[in-house]
Amino acid sequence: MGAISKLAARPWIWSYLGLLVVWLATVTFTGGKGGAEILSAALSFGTFTVIVGLGQMFVITTGPGNVDLSIPATIALSGSLAMKVMGGADAMLLVGLVVSLLCGVAVGGFNYALIRLLRIPPIIATLSSSFLVLSTAIAYGRGLKIKPPPMLADFTTARVFDIPVLALVVAGLAVAMSVLLNRTIYGRSVLAIGQNMRAAWLAGIPVERIRFLTYLLSAVLASLCGFVLAGFSGGASLNMGEEYLLASIAVVVIGGTSVAGGRANVPGIWGAALFMFLLVTMLNTFGASAGVRLIMTGLIIVAVITIAGGDKPQR
Amino acid sequence: MLAQVLSPRALRAALPAASLVVLLAAIFYIQPRAMSYFGLNLMLQYAVPIALATIAQMFVIAINDLDLSIGPFVGLTASIGATLLASSPVLGVLALIGCVAAYAALGALIHWRNLPSIVVTLGMSFVWLGVAVIILPTPGGTAPGWIKAVMGVKLPYVPFPIVAAAIIALVVHVVLMRSAYGAVLRGAGGNARAIGRAGWSLLKIRMVMYAAAGTFGVLSGLSLIGLTSAADAHIADRYTLYSIAGVILGGGEFVGGRVSPIGAVLGALTLTLTGSFLIFLKISPDWQIGAQGAILIIVLALRALIKRREG
Amino acid sequence: MPEAPLPIVDFSNVAKSFGAVRALAGVDLTVRPGECLGLVGHNGAGKSTLMNVLAGTLSPDSGEMRILGEDIRQRYSVALAHQMGIRCVFQELSLCPNLSVAENTRVVHPTIKGPGWRGRAGALILGKLDEIFPGHGIQPGDHVGDLSIGKRQMVEIARAFTVTAAPLHLVILDEPTSSLDAVTAGQLLQYMRKAIGQGASCILISHVLGEILDYSDRIVVMKDGGVVAERPATGFSRDTLVAAMGTVARAPAAGQAAQAADRREERPLSVRVRPKGRPGGAALEARRGEVIGLAGLAGHGQTATLLQVFRAARGRDPDTEVTGAVALVAGDRQTDGIFPLWSISRNIGVRSLRRMLRGGLIDPAAEAEMAEDWKRKIGIKTPDMNDNILSLSGGNQQKALFARALGSDADIVLMDDPMRGVDVGTKLEVYDLVRAEAARGRTFLWYTTEMDELKNCDHVFVFRNGRIVADLARAELTEEKVLHSSFTEDA
Amino acid sequence: DTSGKRIALSNNYAGNSWRQAMLKSWEKVTGQAVSEGVVAEAPAFTTAENQVTEQAAQIQNLILQGYDAIVINAASPDALNGAVKQACDAGIVVVSFDGIVTEPCAWRIAVDFKQMGAVQVDYLAGRMAEGGNLLEIRGLAGVFVDDEISAGIHSGVEKHPQFKIVGSVHGDWAQDVAQKAVAGILPSLPEVQAVVTQGGDGYGAAQAFKAAGRPTPLIIMGNRHDELTWWKEQKDANGYETMSVSIAPGVSTLAFWVAQMILDGKEVPKDLTVPFLQINQDNLEESLANTEPGGVANVEYSLADAEAVVAGE
Ligand SMILES: Nc1ncnc2c1ncn2[C@@H]1O[C@H](COP(=O)(O)OP(=O)(O)OP(=O)(O)O)[C@@H](O)[C@H]1O
Ligand SMILES: Nc1ncnc2c1ncn2[C@@H]1O[C@H](COP(=O)(O)OP(=O)(O)OP(=O)(O)O)[C@@H](O)[C@H]1O
Ligand SMILES: [Mg+2]
Ligand SMILES: [Mg+2]
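Residue numbers (this note's numbering), protein chains in the order written: chain A, 321 to 635; chain B, 1432 to 1742; chain C, 7 to 497; chain D, 109 to 421.
Bound conformation, chain A alone (with noise of 0.2 Å):
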């Protein structure tokens, strides 16, 4: 009893649950079949959520009103910038993964310079600079469709026993990430910064720099979500970002992180990613048409959030 209590107050248990019944539920209509299938695709597409969600979550954490909306065309940039550095060869490889995570950077110093220096309210600075990434991707790339080095795409297509290697990798990011957020100066910041800016100002802690790393950490990982979504996918396209923008925000808040800011959760994200995987293909298996899985897909995400409750009011 004691143990369910305590399980159920963590945050992250019901995207868990809610990904257990999806897939249950389509496994029954299945009659079985393909069970294990839909677990392996689910992990290896889940994969490039958690990396844009990993960053999204720590904006988030930084306070409500900041969020990034400028993953998705950093994705873009970064992909096409990366295929046509690297052009295919795997002796560029490197240099097209530099290429990328300092494109990463420059969205994202310019994401908090624009939140910064002109004080602009984070979601439209990351808004605004995203078209202007975008036009950049599109004045280089011209939707260039260049085929990833080999090395990069048989990397991001691996599999050991049926488990997706960039899986793999990207929980040991996770870990990581977790370890950033719970047992470092950067994640205490970060923590007390979502929760009052001005008291975490005059705790001593460098708010500006930490909103600064934070900026940067998530264009960095969408920029390296793009390098490796174009090896994954066999080359970069202009829009292949897009579903990351309500993807990215939505596994970050199903995943048991609070949007009022100073509440952050790493495995939430995994569960959330794969929970939103399994619920379209839940939908596409039963044959519901375009509306009604529309119309599931939303009620399931507001059923799931209904049952975990939200923040618990406090004194």
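Treat each hint with caution, since some may be false.
What the hints assert, rightly or not - For lysine-lysine, the following BS3-like pairs were computed, each having C-alpha atoms within a straight-line distance of at most 30 Å:
| no. | chain 1 | residue 1 | chain 2 | residue 2 |
| --- | --- | --- | --- | --- |
| 1 | D | LYS272 | D | LYS318 |
| 2 | B | LYS1585 | D | LYS193 |
| 3 | C | LYS119 | B | LYS1635 |
Keep in mind that the hints were calculated from the coordinates and are not lab data. No experiment lies behind these values; they were computed from the predicted model shown.
Knowing the structure of chain A, use the given hints to seat chains B, C and D with the ligands on it.
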């Protein structure tokens, strides 16, 4: 007296209007033809539904929530308007009332379970879109004639969109900013606990605000099909971001119940005009999207200047 | 019939628990018409909880509650309390910062509506402000968010005394003077007596025992969720009152403050703030191991000076010299101090994270150790330091903030009226702690509006309109001098 | 003589390679036309967001700027009618293509999308007489083109009842979205013999089948370079045989010439149909060679080509 006029608060309040004027001046300079009844009418027509959606968003932001579903919701009401409302008016009106009620219920749910509005409305955005796709599987339908007539009305001297925007701004200003209950509603955004301690029902306040948002969402959808004469489930997807940007451009803030209906309407007009401005500028297609971002940044940078002067 | 008039409040055996914390352990309380009930007790004694029950914002777990003779236990609510003439000025501010003063007044008076409501609400609050705090300088159209904390408190107090449709029988004042300077506090207490003279009743909660002894008719002492003493005010002296609260009365250790005052130039400089912009002010100087008082009326630039020092310690500021690490103890703990989602121990440790690093990561054991250490040193009243900070009473939250600053590596500690809501016993302990830390070489800059606290300082700077108008060494410090400087060169 | 005339392109979306190729073709052909003095100016305008309302506002601005003709790739067939009508009323020639508008005053250069769907099943019927299970990859839900092509596919299945659609997902015409959607549904499906698509999604489907370790079915391809390349690789490796259907992005240049002809006073019927682009096993190499990496298989039109289309040849 002068000190009051030049106070930071007054400057901040004047900023949305100032940026609109600057933008208009720039447009008139580049394209003098825009400076006419016909020109203003054309440029500002689509500002009316955006202004209504922005007001809807403003009601939600006023109580520290954020509505990520207003765009698809406007799309849904537009779809209902172009199908049910035209074919069987009674059913259509009932459906639209149902939409408003659904919004109020959403507010109640968010309050009851203390849920983050962002997630709930994110989920609902799929629901609205799904319902719209079912009602209107392919773009089409026809708007009822009276809506088209209202939206196409030709007033003497002043173009209809300007009059409509002024009416929207004033009505909401009076209701939210000047009325006695309006003060309570906004107070809930500033310090909900204090409002609760004064004996007001926070549940009711949230339901009222969401219902108001729903109502303006419906109006936005209807005015939109009055202009387009047909609907499309995706017709207003982007209104979500527009409406948020409009509220902020208009001087509103995400938390603390600081919003301004007049500012929000001005923000919506500004957003609409940035599009026109860009087209008049004739930039290379590659950079047109980016230029939209750049203009948003420039307009908002003005805010920063004033804020800096505030110290 | 010569029977005593019906009591306004008649509670018996009211109990309330928050989880494991028994905030009220069966309390009896009566308030009669036309009396001022003084309510005292250590931090966390349950005073605010009891008042919340009385104001209808918390419902008790058990007990009998009669208001004006009516048994209202089952259907009590905020609205009913208001209808029955019970108002409360809560310990934390209950104004909406985005609304104007007039609008905030309207919020508590549902009957003010219809055309012209704004004017009527404005007139109502302005009249009351003029009556209570003459010369307050507040306009009905001012946004509360733009007002200083003291002015907000004035608005909230005045608002509680305004009357429209519902009658006014009882006003609860939960530490109303904690954000007010001495003069304004005096105005309030004077007015309170006047209102009582007109038949209203008041409950006054304060940790400034002088106020309680001077202004209340009857005093109730609470301890650990129960009432431990109840007598007419005249039956208590300061010492017996302190004794009743369960703290050992001690004479303030004022004598030892004046150390080496005459040789201060020889000590190394810690902080120097030159007057900015405006001519005519003196410079503020603090030397190592000194306790420097920043005095004057509330809101005259003391907090701004502390923030200037704080900022200068992290960056460059040509007018301000700071020679060491600084830490700040916030007085307005809700906006400046606590992290509401965190445990007590995390709240304490946040300023000292660097010290807890083991191999680049924060060591939870080191954090817990620091928390336990300070729980002992400063006596934070809680079963578990891992509980949420908000489960502490106001005064105990303040102690946690002290622990945060004193436990840090700061050489200079800035204190922004830090004793708000701290009970007498704790205050004395903190005074000792400050003295001990100063002796060990720490420098303190201490903004306070209380004379008792200034007596602990080596040197006092009096502020007026953002400038230093007097510079008093320990030996020359008297209440008259401080008051006199606070009011000079002004009509 | 149209040397003084100004023609504008109103485009609602530029976020994928088809649209990029479309804009490029426009730039190339009109650039030449302008330098040769055929028209005075022919700029292209793209809205930042794929939104009807934004495009309507854009058209209204083009009216204000006094263009003589507006060529539109519309975000919605009906919802732009108001703006298009205003343009016509202002005496502007409006030519719509790809995403056409229903307003009667405008010209329409339409692709027979239904046929584009039906022809896929016809082709399959020719290849697999015994029929089989089909997986359908659709486009973006709620968009006109998606419905039309899908309707064509379903009518094809009705005509050839030996085929059965066992699963249907939305791939949004994007390779990565299609890959994800197919990967999700695949484990629950029985063996799939063929995949019918809407273009742009074939390569993603192939990737998903490969990742799931399933035998690659017959996938109808689109016209993107990666799709054609993959097809070529398979063909060379194991004689893989399929077809591709698509619309050439160069149709924008046809629309340009049509607008020019109308301004020139030529008689042009309101409704024109362009054939969709079909690539077969034998002309694959040739098409691939003419497609630049990252681009799409394309056909650009000259004035003579346009005249031929107008003449109904
Ligand atoms: N007087 C003040 N009261 C409360 N917060 C303040 C005050 N002044 C500055 N801040 C906070 O500190 C931030 C700016 O401070 P500053 O420029 O010193 O950055 P920082 O936090 O020290 O970071 P860094 O070390 O990177 O410079 C602002 O965002 C603001 O939130
Ligand atoms: N919402 C709450 N949740 C948990 N514990 C609470 C809550 N409110 C009060 N308490 C606990 O109840 C006890 C009484 O608190 P209360 O605020 O009434 O004290 P107080 O006498 O007003 O103290 P102070 O003088 O410091 O304001 C304290 O131990 C406090 O920690
Ligand atoms: Mg208290
Ligand atoms: Mg700094």
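Run the structure past the numbered hints and jot down the numbers of the failing ones, going up. The structure conflicts with no hint, since it agrees with every one listed earlier.
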